[in-house]
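Colleague: Produce the entire structure from the sequences given, and follow the hints as far as they go.
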Amino acid sequence: VQLQASGGGLVQAGGSLRVSCAASGSIVSLNLMGWYRQAPGKQRELVARIGRGGSTNYADSVKGRSTISRDNAKNTVYLQMNSLRPEDTAVYYCNLYNVTYRKNFWGQGTLVTVSS
Numbered sequence: 001v002q003l004q005a006s007g008g009g010l011v012q013a014g015g016s017l018r019v020s021c022a023a024s025g026s027i028v029s030l031n032l033m034g035w036y037r038q039a040p041g042k043q044r045e046l047v048a049r050i051g052r053g054g055s056t057n058y059a060d061s062v063k064g065r066s067t068i069s070r071d072n073a074k075n076t077v078y079l080q081m082n083s084l085r086p087e088d089t090a091v092y093y094c095n096l097y098n099v100t101y102r103k104n105f106w107g108q109g110t111l112v113t114v115s116s
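Numbering (my numbering), first residue to last: 1 to 116.
Misleading hints may appear alongside valid ones.
As the list claims (entries may be wrong) - Below 27 Å or equal to it, Euclidean Cα-Cα: the simulated DSS-like pairs (lysine-lysine) are:
no., residue 1, residue 2
1, K42, K103
2, K42, K63
3, K63, K74
Since the hints were derived computationally from the structure, they do not count as laboratory data.
The model shown is predicted, which means the values in this text are computed figures rather than measured ones.
Modeller: Encoded structure:
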């Protein structure tokens with residue numbers, strides 16, 4: 001499985017940004033797709049995750065400001081982030097979790113920088 005992320009960049013505080021991630025390869029139906037982020041000097045943390053049926057969960061820090069969605073036909077996951085804050089600055093990593101085989105796949109990461 002390969003994951004190709006796009007859409008990161010520089011945005012001012014209060015602005016919005018959407019990141020996308022397309023998966024390709026041998027993708028089983030039972031999977032979760034999501035986004036994690038890692039800020040400098042911090043551990044990687046879950047931002048949001050979505051099941052194939054649309055069930056979602058969010059980190060408390062982004063709840064109400066972000067929306068995760070997916071297009072199963074395109075094996076693509078999106079993260080719309082609004083009201084961005086400087087503390088949202090991080091490298092955002094796309095993730096696909098294969099539930100059947102309990103295996104994680106990661107994208108290359110895309111940098112989101114929020115200026116104050």
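Colleague: All hints are to be evaluated individually against the structure, with a verdict given for each.
Modeller: A quick look at each hint next to the structure:
no.	hint	result
1	K42 - K103	holds (23 Å)
2	K42 - K63	holds (20 Å)
3	K63 - K74	holds (25 Å)
Checked against the numbered hints given earlier, this structure breaks none of them.
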